[in-house]
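**Q** Chains as they are written, first to last, in our numbering: chain A, 4 to 221; chain B, 17 to 813.
Hints in this document: simulated from the structure, not taken from any laboratory. Think of the CB as a built atom: it goes at the ideal place given N, C-alpha and C, for glycine as much as any other residue. Each hint should be verified, as a subset may be incorrect.
To be verified - Incomplete in silico selection of chain B near chain A, CB under 7 angstroms: (1) 20; (2) 24; (3) 27; (4) 28; (5) 31; (6) 271; (7) 274; (8) 277; (9) 278; (10) 279; (11) 281; (12) 282; (13) 285; (14) 369; (15) 770.
As the list claims (entries may be wrong) - DEER-style ranges, computed between Cβ atoms: (16) B/19 with A/183: 26 to 36 angstroms; (17) A/9 with B/396: 25 to 35 angstroms; (18) B/442 with A/45: 51 to 61 angstroms.
Claimed, not checked - Here are some chain A residues pointing at chain B (derived, C-beta under 10 angstroms): (19) 84; (20) 100; (21) 115; (22) 146; (23) 177.
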Amino acid sequence: MLLQVTGLSKSHAGAAGPVAVLRAVDLAMEAGETVALTGESGSGKSTLLHLIGGLDVPDAGRILLDGQDIGAMDDAGRAALRRGTVGVVFQQFNLIPSLRVAANLEFQARLAGRLDPAQLDGLIDALGLRAHLHKYPEQLSGGQQQRVAIARTLAARPRLVLADEPTGNLDEATAANVLEALLTLVAQTGAGLMMVTHSSALAAHMGRRLHLRAGCLT
Amino acid sequence: MTGPGLIALAAHWRRNPLQLFTLVAGLALATALWSGVQAVNMEARASYDAAAATVGEGRFDQLLPRVGDTIAQTQFIALRRAGWQVGPVLEGRIATAGGSLRIVGLDPLTSPGGMGPANRDGAVDLTRMLTDPPLFANAEVARRLEGLGGMTVVVTPDVAANTAITDIGHAQRLLDRPGAISRLIVARDQPLGRPPLEQIAPDLVVQPAQAGGDIGRLTDSFHLNLTAFGLLSFAVGIFIVHGAIGLAFEQRRGMVRTLRALGMPLRRLMALMMAELTVLAFVAGGIGMVLGYAIAGLLLPDVAATLEGLYGADIANTLRLRPEWWVSGMAIAFLGTALAAGGSLARISAMPLLETARAGSMVRGRRTRLALAGAAGLAVAGAGAAVWGQGMIMGFAVLACLLLGAALLLPPALETMLRAFQRRASGAKWQWFWADTRLQLPGLSLALMALLLAMAANVGVSTMVSSFRATFTAFLDQRLAAELYVTADTPSQAAALQAFVAPRAREVLPLLSVPRRMAGNEAELHGIRVGPTYRENWRFLAGDSALWDRVADGTAVIVNEQLARRAGLWLGDPLAVAPGLSLPIAGIFGDYGNPVGQAIVSDALFADLFPDRRATRFGLRTDDPDALRRDLTEVFGLDAGRIVDQAAIKSFSLGVFERTFTVTAALNVLTLAVAGFAILMSLLTLSAMRVPQLAPAWALGLTRRELGRLEVIRAMVLAAFTAAAALPLGLALAWMLLAVVNVAAFGWRLPMFLFPADYARLGLLTVLAALLAALWPAVRLARTPPEALLRVFAHER
Chain A
4 MLLQVTGLSK SHAGAAGPVA VLRAVDLAME AGETVALTGE SGSGKSTLLH
54 LIGGLDVPDA GRILLDGQDI GAMDDAGRAA LRRGTVGVVF QQFNLIPSLR
104 VAANLEFQAR LAGRLDPAQL DGLIDALGLR AHLHKYPEQL SGGQQQRVAI
154 ARTLAARPRL VLADEPTGNL DEATAANVLE ALLTLVAQTG AGLMMVTHSS
204 ALAAHMGRRL HLRAGCLT
Chain B
17 MTGPGLIALA AHWRRNPLQL FTLVAGLALA TALWSGVQAV NMEARASYDA
67 AAATVGEGRF DQLLPRVGDT IAQTQFIALR RAGWQVGPVL EGRIATAGGS
117 LRIVGLDPLT SPGGMGPANR DGAVDLTRML TDPPLFANAE VARRLEGLGG
167 MTVVVTPDVA ANTAITDIGH AQRLLDRPGA ISRLIVARDQ PLGRPPLEQI
217 APDLVVQPAQ AGGDIGRLTD SFHLNLTAFG LLSFAVGIFI VHGAIGLAFE
267 QRRGMVRTLR ALGMPLRRLM ALMMAELTVL AFVAGGIGMV LGYAIAGLLL
317 PDVAATLEGL YGADIANTLR LRPEWWVSGM AIAFLGTALA AGGSLARISA
367 MPLLETARAG SMVRGRRTRL ALAGAAGLAV AGAGAAVWGQ GMIMGFAVLA
417 CLLLGAALLL PPALETMLRA FQRRASGAKW QWFWADTRLQ LPGLSLALMA
467 LLLAMAANVG VSTMVSSFRA TFTAFLDQRL AAELYVTADT PSQAAALQAF
517 VAPRAREVLP LLSVPRRMAG NEAELHGIRV GPTYRENWRF LAGDSALWDR
567 VADGTAVIVN EQLARRAGLW LGDPLAVAPG LSLPIAGIFG DYGNPVGQAI
617 VSDALFADLF PDRRATRFGL RTDDPDALRR DLTEVFGLDA GRIVDQAAIK
667 SFSLGVFERT FTVTAALNVL TLAVAGFAIL MSLLTLSAMR VPQLAPAWAL
717 GLTRRELGRL EVIRAMVLAA FTAAAALPLG LALAWMLLAV VNVAAFGWRL
767 PMFLFPADYA RLGLLTVLAA LLAALWPAVR LARTPPEALL RVFAHER
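Next comes chain A alone, as it looks inside the complex:
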């Protein structure tokens, strides 16, 4: 079992007191599995992804990722988890604007201490980034930036890839290309993939689909 989530709850502060975002969510995921997480805006999809990625801490419940209890980790432990075990692909790409594409691509693998130049080379070719290595992120289109973000994540060889609406900022054709590349490369590395999306069409490409409504899995 790659991921096991039990009784996960999370609230955010609101004007009239705490607002429950996730209510006792349970889910499990095997290694190599691909899961689509769908739901309306505000249903808690991104929050669930952030909790699994160690970007946020739950109010209650337990997350076991690759045998490690995320809830028991301190800030440094969660940072180590993000470096080594999970990789997050954000909707806003979150590239480092002051670094060239080449340096951005290497960045997470360097942080994790597992940069493999040959593997990175393969990712660059697979994602068609060779011509853009000397550019800065601002000189790339949205689709190109997202491909850089995917390559950066996969170069660190995470056990679980979490993608938060990775095609949300892209047009339909580019979104299809990016998703295809993501699925192919994840399959090649054997990592699990959990992707948040609004699109039923994109969700149909995933092995399993989970739907969140008002903080509960349905």
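Once you have looked at the hints, place chain B on chain A.
**A** Showing chain B alone in chain A's frame:
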């Protein structure tokens, strides 16, 4: 993990070189102005210490004459025979090409150990010292002495500045004062059972160690003034650094979140950022130290002239690089960086990994509340300092609270004013202009705060200097009423001169003085001939109508403000002018520019008290000064230096005055220049971020040229508002300087005058400077290609 983190942090500066330049330049300028002032202070203090070490000033008890300024050689011999371990000292000045030089004559056989180079290390041959005595001086003085010729000079680096030391016999010959002794130094170890002083030399009095002549103590106030100015310049520089660091950290928030999301622990990230700032502080501090050394080199001659003019202190004219100066300079660079970056670092460390977007207005509201709270806190602290503090430290504490509080209030005040303009604006363009100016305010506020401080300092200090100049000029007109001032060579020539001028001059005013210790202060007692000149010309800060009659009768004394304030005396209080003679104070006169306390009695009383003192200087009232000068030159053969006319003295005194404030003026200009630099850098930095804000206005029909013109108008409007706010603040600063700081520093209080034309000129210059600073960024904006503006909308999609 450290390597990639450092690469990412450094990449920001590589992509934003202007920001890096602003930060380094701001910190370097702040360090330079501070360390420049400190180098000057340290050099001056080292000169005081060297003086103390060289001639024992303040370290040993001394014997001084009760009357006059010379001790007879017979008294010295009598004391030595009676067992007193005393060493004679003769002091005087000689003229050299580089200005006058102090000659100190010591007796190498009897001077206490450690005094003077002759017996400090035993390196000098005593026989040679007695038979062919050399002069000991530092290298600079040695060069000047060699210019005189016929002297053997031994270069000794640690001899006090502007001073040469030699055997007392040699000094007597050099100064043409055979057998004269100025004072006797009393060795610490004295034999038991020696007869009391009164028995051997009743005409001498003991001045205990540290009781007088401690030039370091006297000049503390001057150095505190300089330090305060250095601190103000430093604060202005730190505003720039704060702005640059704040902007850099703001722009890197996204990167910080990404780094953390990718697995960089917060603690490591903070450590890397601190290391980055340490390196920047080190580099900027180093550059600042070099600049500071150059500034100190430029300022030192004027500071030396000021200290000599005000306090009679001799300061070395060359700078030395002292380890403590390096340490303090680098420490201030690091402290400045910590102050400027502390808030930004704290915000980054507290920033949640998943930051929820807060509305800009909420952030602005919080900043305004913080600024108002800070200003209120400073107002309370300032009031506390004013109520419970004392003297100059209190003055500076109140000033610091006033300036910082006003700086904090500036952005909310500007925001309120801009909002009012926006409400009253007619037409969409101007409504947009005022709203957009409000939007720019947070980015410009630090630079505007720096400008406010620099301008207020400029208004305050120029008001003080101009008030001083106006008062001083009027004072010189009063005090230098005589048309000619004549100095005779000898008392007998003085008597003949007096007889000669009596029928030719309207009034002859003998000028008599003797150094005295009065009411616990080193001071001077003067004797004057009360007549129409004094009665008509002198103005008093306090005094009764019959004061001149009482002084002429010998029943009262008048004192200068310095002596009155230092001794805590006022009208009617008795002052002991001589042993057994106390006179009531009948008047207190302003004596601007004089560090020494003065008491004045009639010449008749002076002659009774000091019968061996004869006037050799005179003021002469005449309707035809040129004819009288000619006669005096022909009859007595007096050279030009012995007959000085009133105009020459006034011009010399005003020259000394102007030089005294050269340092202040230079620091003032530097501070203003730093503020101008802050404005330029802020506008340049903001212009790089302006495109997304201007693109909608361009799309709605404003031309790029018009947008550029509005940018310039915006900078000028903000500078004008800031200048208007700086005026009352500067006047408050001037009042504090005149009413509190100067009184504590120099012992006199000046009236305050206003100079509206000067303020208007400064305001215009400021607006002009803002125009120049805005011109380049505005031209860049006006030339922004349409595709760059269109890209804004492309990104929004």
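**Q** Is the hint on residue 271 of chain B kept, meaning its closest Cβ partner in chain A is under 7 angstroms away?
**A** 5 angstroms, holds
**Q** Can the hint on residue 146 of chain A be confirmed by a CB-to-CB distance to chain B that is less than 10 angstroms?
**A** With a minimum Cβ separation of about 13 angstroms from chain B (threshold 10 angstroms), the hint on residue 146 of chain A is violated.
**Q** Does the nearest C-beta of chain A fall within a distance shorter than 7 angstroms of the C-beta of residue 24 of chain B?
**A** 5 angstroms, holds
**Q** With 26 to 36 angstroms as the target window, see if residue 19 of chain B and residue 183 of chain A comply at their CB atoms.
**A** Distance hint for residue 19 of chain B, residue 183 of chain A holds at roughly 34 angstroms.
**Q** Can you verify the interface hint for residue 27 of chain B: is its Cβ closer than 7 angstroms to any Cβ in chain A?
**A** 4 angstroms, holds
**Q** Let's test the interface hint: is any C-beta of chain A closer than 7 angstroms to that of residue 277 of chain B?
**A** 6 angstroms, holds
**Q** With a cut-off of 7 angstroms, does the beta carbon of residue 770 of chain B approach a beta carbon of chain A closely enough for the hint to hold?
**A** 52 angstroms, violated
**Q** For the hint on residue 28 of chain B, just tell me whether its beta-carbon gets within less than 7 angstroms of chain A.
**A** Result: holds, 5 angstroms to nearest chain A Cβ.
**Q** Can you verify the interface hint for residue 274 of chain B: is its Cβ closer than 7 angstroms to any Cβ in chain A?
**A** 4 angstroms, holds
**Q** Please test the hint of 51 to 61 angstroms on the beta carbon pair from residue 442 of chain B and residue 45 of chain A.
**A** 43 angstroms, violated
**Q** Taking the least C-beta to C-beta distance, is residue 285 of chain B closer than 7 angstroms to chain A?
**A** Violated, about 9 angstroms.
**Q** Is the shortest C-beta separation between residue 279 of chain B and chain A less than 7 angstroms?
**A** 3 angstroms, holds
Checked against the numbered hints listed earlier, the structure breaks hints 13, 15, 17, 18, 22 and 23; every other hint is satisfied.
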